[in-house]
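K.L.:
Dock chain U against the given chain W, drawing on the hints supplied.
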Amino acid sequence: MNKFFQSLFSGNKLVIGIPYAWFILLVAIPLLIVMKISLSEMEATSVSSMISWADGLPTLKLNFANYQFIFTDALYVKTYISSVKYALITAILCLAIGYPFAYFMARSPKHLQPMLLMLIMLPFWTSFLLRIYAWKTLLVSNGVINNILMSTGIISEPLAMMNNSFSLIIGMVYSYLPFMILPLYANLSKLDLRYLEAAADLGTSPFKAFWLITVPLSKAGIIAGSMLVFIPAVGEFVIPELLGGPSTLMIGRVLWDEFFSNNDWPMAAAVAVVMILLILVPMAILNKAEAKLEDGKS
Amino acid sequence: MSQASNNKIFANSWMFAVYLFLYLPIITLVVFSFNDSKLVTVWSHASMRWYSALMQDSDLIAAVFLSLKIAFLSALMSVFFGTFTAFALHRYSRFRGRTLLNSMSSTPLVMPDVIVGLSLLLMLVSIQHWLGFPQRGLFTILLGHALLGTAYAAVVVTSRLREMDGRLDEAAMDLGAKPLQVFTLVTLPLLVPALVSAFLLTFTLSFDDVVLSSFLSGPGYSTMPMVIFSRARLGLNPTINAVATVTIVVVTIAVVASSFYTSHVERKRKREMAQAYSDANK
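Taken in sequence, the protein lines are chains W and U.
Going left to right, the first sequence walks through residues 1 to 298 as our numbering numbers them.
Going left to right, the second sequence walks through residues 299 to 580 as our numbering numbers them.
All the pointers check out, no bait thrown in.
Chain W side only, calculated, beta carbon under 7 Å to chain U, not exhaustive:
{"no.": "1", "residue": "Y20"}
{"no.": "2", "residue": "I33"}
{"no.": "3", "residue": "R131"}
Since the hints were derived computationally from the structure, they do not count as laboratory data.
Every residue gets a Cβ at the ideal spot worked out from N, C-alpha and C, and that includes glycine.
Only chain W is shown next, with the shape it has when bound in the complex:
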């Protein structure tokens, strides 16, 4: 019996230890290294060079120049603000399109719902990169949409829909919409319809019942969906690179350029750390909302 418990115990240790080691190595340590390198100068990118020995005591030399530069340079500040702005617009549009959709989906006949859900997931399986590229062929000035509109005589001049904030937002909403719909649907499909019936019996109009009952009960889904869209959208790189233009400033692109074009690793690391600080609060909100959604399920 004692042996049995012993083996169980060591099994436990292994089951917890393996994923722990994996994520410490590939998530925690890399993030700490990013922080460290963001505080170093371009020439000195190893730990040893940051510690100097003075009178037999190690003194840590920290360099805040990268951060100072980020917060005083107008372009960086503007880029962070603009990234948050685009991510916010994306989240709001995804909610405006996705909430009614998830609501209607949850109200459609039960036997159709698995198929409707599958149709939302299916584009997710085809390459994200290729779908963004497809928008490029649709939106350019001699693109598919302009060609159709012009040949039917609706417009005489091609619309400028590409390499501006319009194409950027279309691409972001398109890519992140399923992330909004899925948690909302999970939440709305579990809504107890008897609340709405009771409200109707008591003389509440359907419109009022929607705002007073359905929306508050789906709050966790709304928050989770919005955060799942907002957080990755802030740091998005591929969509602004392919669909954005010179005026659509996004911080993911700045990080990429600092790293790949300027080869300034400490600066890229500092840009990343500020971005992490920016999404820390949204991530905490997301964790809370997801815990709430899970509680609702069981």
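P.N.:
Relative to the frame of chain W, chain U by itself:
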């Protein structure tokens, strides 16, 4: 017309519009891959021209094979580590540091790709300074994809574990099975459908990734998305449409086949359980 049917029409057209929005780009990609014109956006007449161009594109073909290799290996690793993560989080609801594991495992899901890529690269470079390896290349890309995949696989396996009937494990334990036996004879067979879908999902994620690969790749290692991305940055290119169509066909077949397989396994298991219960009640 009544209020109710008006509402129905509004709901249906809203849903139709959203589906159209989601599928329009994919349909365009496929249709214009059969277009003869060099201009991707102007239809001339149907041809297989870009498919034969694709066959001769040795850069792209080499990249496809590299991507397939990385996707396969990283999906295996993701399912392995993801299953461990799911067990640690689900079976042992209370241990010191559970919250830390939970938030570390969900970090790759939401953290922007550029941060995950940059942080992994800086860590690998530090290790390289220190130990002299690993060189940037297939292994480093693999590691990045496996990290991302582990996070997704853990979500898939955890949701399956949550639905599973814990009593079966307890029954096996009562009948004297050792923990390892319970796992291999009871838990694992029940998990197979979830493991298959986790494998497919993480395979697709790896096959699709461009940001992590760009950070972690070394000279001579270009994955398919990296090649496509560099061409798409330069402009429109009809061979991309042909690649897209081929991937869409393959992925659709794989997804449909796997969902048939999963529902088949599920039905079989339900039948066997019903059989077992009725035998027990005799």
